[in-house]
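Colleague: Between the sequences and the hints, there should be enough to build the whole structure, so can you do that?
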Amino acid sequence: MSLIAPIKDHHSERQLFVARVALSSVVSVILLGFVVARLIQLQIVEHEQFSERSQGNRIRIEALAPTRGLIFDRKGRILVENVPTYQLELIPEQVADIDDTLERLAKLGLIDQQDISRFIDVSDQGPRFKPVTLRFRLSDEEIANFAVHRPRFPGVDFQPRLVRHYPHAANTAHAVGYVGAISVNDLKRLDPVAYAGTAHTGKTGIEFSQEKYLHGDPGHRQIVTNARGRQVSVDPRDAAGSILDAEAPSPGSNLYLTIDLDLQVLATELLAGRRGSIIAIDPQNGEILALVSAPSFDPNGFALGMTSSEFRVLQSDVNQPLFNRAVRGTYPPGSVIKPILSLAALQTGATNLTRRTFCRGYYTLPGSTHRYRDWRPEGHGEVDLHDAITQSCDVYFYEISRDIGIDRMHDYLTQFGLGRPTGVDVTGELPGLVPSRAWKRGAFRERADQVWFPGETVIAAIGQGYMLATPLQLANAAAALSTHGKRFTPHLVASIENPLTGERTVIQPRRLDDVKVDNAFYWENVIGAMHDVLQGPKGTARAAGANAPYEMAGKSGTAQVFTVGQEESFEQEDLDERLRDHALFIAFAPLQQPRIAVAVIVENGSSGSRIAAPMARAMMDRYLGVEDSAP
Amino acid sequence: MRLSDTQWLIDGRGTGSGGLSGVFRRLNLDAPLLGGLLLICGFGLFVLYSAVSEDIDLWLQQVVRLGVAVVVMLVVAQFPPDLMRRWTPWAFLFGLGLLSLVLILGEVGQGAQRWLDVGIRFQPSEIMKLAVPMMAAWYLHDRQLPPTAGQLLIIAILIAVPSYMIAVQPDLGTSLLIAASGVIVIVLAGMSIRLMLSLLVLSVPGALVLWQFMQDYQRQRVMTLLNPDSDPLGAGYNIIQSKIAIGSGGLFGKGWTNGSQAQLEFLPERNTDFIFAVMGEELGLLGVLSLLVLYVFVVGRGLYIATQAPDSFSRLLAGSISLTFFVYVFVNIAMVTGLVPVVGIPLPLVSFGGTSMVTLMAGFGILMSIHSHRKLLPH
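The listed protein sequences correspond, in order, to chains X and G. Counting from 566, one number per residue, gives the positions in the first sequence under my numbering. Counting from 52, one number per residue, gives the positions in the second sequence under my numbering.
None of these hints come from the bench; they were simulated from the model.
Pairwise CB distance ranges (calculated): (1) G:SER243 with X:PHE599: 19 to 29 Å; (2) X:ALA602 with G:TRP307: 17 to 27 Å; (3) X:PHE599 with G:THR308: 23 to 33 Å.
Not close to chain G: a few residues of chain X, all C-beta gaps over 10 Å, as computed: (4) THR650; (5) GLN659; (6) ALA759; (7) ALA1111; (8) GLN1125.
Computed from a predicted structure; not experimentally measured. Virtual Cβ for every residue (Gly too), placed ideally from N, Cα, C.
Modeller: Quick look at the structure:
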């Protein structure tokens, strides 16, 4: 166009620029339109929804744990209580140098290496404003020690916490049970709403079975929280300003147990150093007066939280202190079932009171050479039913066993509550076993094993073979014997008290079907024979029954642990302790209007009459208020 | 509409040359622009006081920063545009040098190398926010517009090099904004619309390539935008809480310092990138629209200044600064309301923080310089 170098056309450039500014403005307005539309959508159209979500964000409902109910014995003596213990807590957020603080606390002797490593384990789990426990169970000296140095430890303080306390510790452990920290498994079972603020729950015994009464109802409060869940005050000048709404928890019910603490402690002392169980029941209503399993353990460890190594020691103890023998230990009942079989035989006509048998020390089935031995190798000579009970002649019962038959034996033993759970109000009870033809058909897979052999009936007659019973079942059966067949469900809870009103709901005894032995004469004869076991001239346990100012009845039993060969003989004392026979004894007193029935089992105690019977006697003496008459 | 908004201010000022307007004129200031900016800053300080939970020390820090930024603006306004134009290549090279330095020995700040410690900690990318559009405008200032394809290619390289260096720090958000400020220059310079549309179409495969270069956290941000509720406690948390805050504010808001989302710390980054949500919650739709009006006024005034500028360097630079400011505002609000991914762009002049505010004010200083020096320059 021109020979001169191109000259900028300012005018057209400027027009182009203005056009582009206009274009950009249009694009900007469109973008702005998007933003405004979005704001209208959020703030006008969806306002209500977001408003609700912002409310939900800031208000948290905090559960308030109820105070757990107390447990008393039948006379109102405290068995389980809640005590304040002091624990040392650290709030991570408020501590500038945690390592240094821990080191200085250790120097004061308030925490040890174990506490520190546990703290490190748990400290980064929660929010930083939440206190972390450094030490449980501070002693008074430690509290005083820390109080002096407290100014040097900002963010560390001791706090009172209610902890379940079992003042009688091991004495009541198996009857009452214990609470422990809520575990993952517990969470599957427990109502998450009711337990939102609760740290512990019943694990065994009454603490477990009566959880619904003991726990109580949680309260709650609505609090304003920030994003990290920390409670904040709406009005900073008012500490309570962040609580919008509150409902106090209602404490759990107090329980009065049927347990007699004196009897419970005595039973524990009697079994000291042994493995076994003692149970005492009031035959008139099924109230359990004492329930002891030995050895025992200190349940306070569970309530306070024990280390896994402490728990492992308990769990791996060969004497199994955690095992509740009273309701879960199943033993061959041995001769203690002889009174029951006697009643069965009389009622069914399998024997009568005058039938006599000559006992030469063993019994053989017709057409067999196998000898079923009597506990007394030389035999008891000529015996009737009365003698057979008082002297515990096995041969007599071997002989009548074929006339009763296993199925009728099963029938009567079952009527006395053997072979099925007693329905006691602690969980975990085992049913034991009373064999029968039907049972054997169902219990074995091989056809050959399903046949019931005559020899099995013979040994069932002295409570051996397949037969198994728990100490509770035997005490329960003793109670039924004492009342001429009047039976109750054994139970531990006597009444439930509302802690606010003091109103008590008494648990009524649950009467069961009577034993079907209708002839009072049979009862009197069998009980009379049991009386002579303790207080007759030839009774197996006459030593234990001597010098009593009241009339009692009992039956010893000795359950084989170790099978002796046909031609062997041995002395119990020579056997390894763990292979010795279990010693059993059931008893009740007084004969008229019996007030206490007892079952004693001493594992590997060798002799029912020598070892177990005196324990039963001591229990009855104590309960009937006879202190100094013991032999 | 925005241009006409400002027109009456110009007309009103145009009659007299003494008094207050004379003072402004002598200080090389533009009164409407200064007024708009100060209103935004005042509004920002008002909101910030609540966003820092009435922490007076933090708030005063911001006041001081704001003061420094205003002083910087006043100083920059004194440099004539000619002088700035001549300095532009050197400023650009200086910025590139610093960026290289950051990449080589930059301190690690927030998992990324963005800071340079020269007595005060300082991000070289801030220089580039101005140096890139200046460089693009400088390159085009004596050439006939619209630019040719070859010229566009050269400018593209001038934009791409610093953008890339910032992107690998990695600071993708800033990098994209800086690239945008350069691109705005060439759009204003008259790059053909057809070419722009073609590039837009080509950007789809480009985005896929970009995806390959993204860090995990950046991809996460994009994914979170698409479905924030998929990860309500993780990456989606910010957006969800921010939307709750804004939405629950409604038309009138919950009242100043009364936003539960903001004051109870549900809202993350509430005094920096997400301060807009605090405003939305406490002051409601009316409050945020008021701020938007102020922003629109400032951008509009900036564009007016650009159209009045005597030479193409000033024009392009003024236009780019104004529109980039708008882009900042848009990206931040769109991010806080969940329209675009969380890119970590503060709300200009309102968010807590110093460096970016100084850069912004320096940019407005340039605008003022352009406007106040226009009649003194021969052309």
